[in-house]
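Enquirer: Spelled out from the first residue to the last, the chains are:
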Amino acid sequence: MEKRVVFRSAWLPYALVAPQIAVTIVFFFWPAVQAGWYSFQLQDAFGERTQFVGLANFAALFRDSNYLHSFQITAFFSMMVAGSGIAISLLLAAMADRVIRGALAYRTLLIWPYAVASAVAGVLWLFLFAPSIGIITFALRSIGINWDWVLQGNQAMLLVVIAATWKQISYNFLFFVAGLQSIPKSLIEAAAIDGAGPGRRFWTIVLPLLSPTAFFLLVVNIVYAFFDTFGVIDATTQGGPAGATQILVYKVYYDGVKAADLGGSSAQSVILMVIVIALTVVQFRYIERKVQY
Amino acid sequence: MVENRPWLTVMSHAVLITGILVISFPLYVTFVASTHTLDDILKVPMPLLPGHRLWENYWQALTAGTSKDVTAPVGRMMFNSLVMALVITFGKIAISIIASFAIVYFRFPLRNFFFWMIFVTLMLPVEVRIIPTFKVVSDLGMINSYVGLTLPLIASATATFLFRQFFLTVPEELAEAARIDGAGPMRFFWDVVLPLSKTSIAALFVIQFIYGWNQYLWPLLITTDESMYTAVIGIKRMIVTGDALTEWNLVMATAVLALLPPALVVLLMQRWFVKGLVETEK
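If you read the protein sequences in the order shown, they are chains P and E. Residue numbering for the first sequence follows our numbering, starting at 1 and increasing by one per position. Residue numbering for the second sequence follows our numbering, starting at 1001 and increasing by one per position.
For reference, chain P alone in the conformation it holds in the complex:
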């Protein structure tokens, strides 16, 4: 879509886009190009000499069992966060859609976790699940579960999944509520007249009509789990124990900042960029389809 009526000026449009373009070049393109450049280089331990090594950093990554393990962990983590987040918020949204009295109050009380920083969300759950003083730890111990995520990798994973999902529920909830409201009431009424009960109507009418929203949320949640959960991980497990919660983004940070492996970290950045671009393309293809409807 284009405007028919436009203004004319030789310099003004450039002046107007200049600030945005300048920031974009300095803080987006320049670093991205550098990440690509570093990824072909090997630095010595003191950062004094660099050597061009071609694709050796990438080859080393794909031979590194830690990196491949990190891939698996990220896939598992994002599936768990997206799956449980979508399931819980769909349940809550379906219930909220039925309720007339108190609907606004319910919504208000359900959306505030969106405002909590992921690192703070991590700290809240860290405190509940702390191995020696946590209140949930106490409850679990009293029913005979030995809870200590500092030592047990799967418990650490559960902790970060819970914290990350908790923060994302409100977002999913709002989108599901909007999706439910856009389903024509006449369809539901017609099904009710034909004798379909609430459960049947939900499975055969509401759910199929909600599938675009659900798919959209799936992509958004995966992106969220891939990148925005850095704060959750860093505030709680820091990738541990023994790399059990070291998702890809955390590994880029750890290798680059803590272990000062510039080439390896940059190669990981490049791989991550490819993943984000793939996810963005998926998302946009879907949105184009939605527009045609």
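Quick caveat, the hints were computed from the structure, so don't treat them as lab data. None of these values were measured; they are calculated from a predicted model. Treat the hints loosely; a few may be bogus.
Listed next, with one range per pair, are the computed distances between beta-carbon atoms [said to hold, decoys possible]:
#1 P:Ala22 <-> E:His1052: 53 to 61 Å
#2 E:Phe1119 <-> P:Leu158: 19 to 27 Å
#3 P:Val33 <-> E:Val1240: 33 to 41 Å
#4 E:Val1083 <-> P:Gly199: 49 to 57 Å
#5 P:Leu68 <-> E:Phe1031: 53 to 61 Å
#6 E:Thr1071 <-> P:Ala87: 39 to 47 Å
No more than 27 Å apart at the CA atoms, straight line, and that leaves these computed lysine-lysine pairs for DSSO-like [to be verified]:
#7 E:Lys1275 <-> P:Lys185
#8 E:Lys1275 <-> P:Lys258
#9 E:Lys1043 <-> P:Lys258
#10 E:Lys1198 <-> P:Lys3
#11 E:Lys1275 <-> P:Lys3
#12 E:Lys1198 <-> E:Lys1275
#13 E:Lys1068 <-> E:Lys1043
Glycine is no exception: its CB is placed at the ideal position from the N, C-alpha and C atoms.
Since chain P is already given, all that's left is putting chain E on it; use the hints.
Expert: Same frame as chain P, now just chain E:
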């Protein structure tokens, strides 16, 4: 409501209330912990009713930080967070609105090229280019400064898109009438476009304020000086390995302080928040 099924309605309320209780539980425990002495919290199980140390804990956190690990006052950190959130919010809105105004209301060489340049940044979140961005900022001497905290996060493809979409829906007649009346482009921008964009700006404000306030990775890299910490970073730095060494009462008070401003923005501007959330994703 299609038909009257009282039991189903009761069940809906029950599920919602359970959901709210479960979701609010961490916040409740955090608040309770922030009102006790450290000794009370370290007793297992910790008390589940608020204690009497509310003012002491919050006052100490706000004015003095913790006694061992972070000695910068949280009040200072909240100020840093506020500066960061507001500068990012207004910066993003300002540079995006003028850029999309130029892209929609002018024809000029490289217009599409610029548009795609901004578009591509959607695909490059800070998290994937951590080290090189950090290097650029440190080469520019922006470590431990407000400029370094905010400027790299100010470019925003989402805001530019939102404004572009909105400008495209503004009726052509307005620009025509303005031109006939002899108004130049900037006059048209100030007197017509900007007032019309109020709702979009409000919606973006809520989303970007939360984004700015909750930034984590970037301030973690860029602030090494305690007086430049944001509230979110401060909390993280207060937690020491080993449960018993952390001053949990103060950490929890800080957590409440750090989540209060964005939570208030969401609750008080709920309408704009929902609008902003739905629109920025389109």
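Enquirer: Taking the hints in turn, state whether each one holds.
Expert: Results of checking the hints against the structure:
1. Distance hint for Ala22 of chain P and His1052 of chain E: a CB-CB separation of about 54 Å, consistent with the stated range 53 to 61 Å.
2. Remark: the range hint 19 to 27 Å for Phe1119 of chain E to Leu158 of chain P is contradicted by a beta-carbon distance near 38 Å.
3. Under the hint 33 to 41 Å, the C-beta atoms of Val33 of chain P and Val1240 of chain E, about 39 Å apart, fit the expected range.
4. Range check, Val1083 of chain E to Gly199 of chain P: Cβ separation about 52 Å, and the 49 to 57 Å hint holds.
5. For the pair Leu68 of chain P and Phe1031 of chain E, the beta carbons lie near 43 Å from each other, so the given range of 53 to 61 Å is not met.
6. About 44 Å separates the C-beta atoms of Thr1071 of chain E and Ala87 of chain P, a value consistent with the hinted range of 39 to 47 Å.
7. This hinted pair checks out: Lys1275 of chain E and Lys185 of chain P have alpha carbons roughly 23 Å apart, not beyond 27 Å.
8. Between Lys1275 of chain E and Lys258 of chain P the CA atoms are separated by roughly 40 Å; this puts the pair beyond 27 Å, and the hint is violated.
9. Of the pairs offered as hints, the one joining Lys1043 of chain E and Lys258 of chain P is violated, with about 35 Å between alpha carbons and a cut-off of 27 Å exceeded.
10. About 21 Å separates the Cα atoms of Lys1198 of chain E and Lys3 of chain P, which keeps this hinted pair within 27 Å; it holds.
11. As the CA atoms of Lys1275 of chain E and Lys3 of chain P are separated by approximately 25 Å, the hinted pair is consistent with the 27 Å bound.
12. Distance restraint check for Lys1198 of chain E and Lys1275 of chain E: the Cα-Cα separation of roughly 13 Å lies within the 27 Å cut-off, and the hinted pair is therefore satisfied.
13. Distance restraint check for Lys1068 of chain E and Lys1043 of chain E: the Cα-Cα separation of roughly 21 Å lies within the 27 Å cut-off, and the hinted pair is therefore satisfied.
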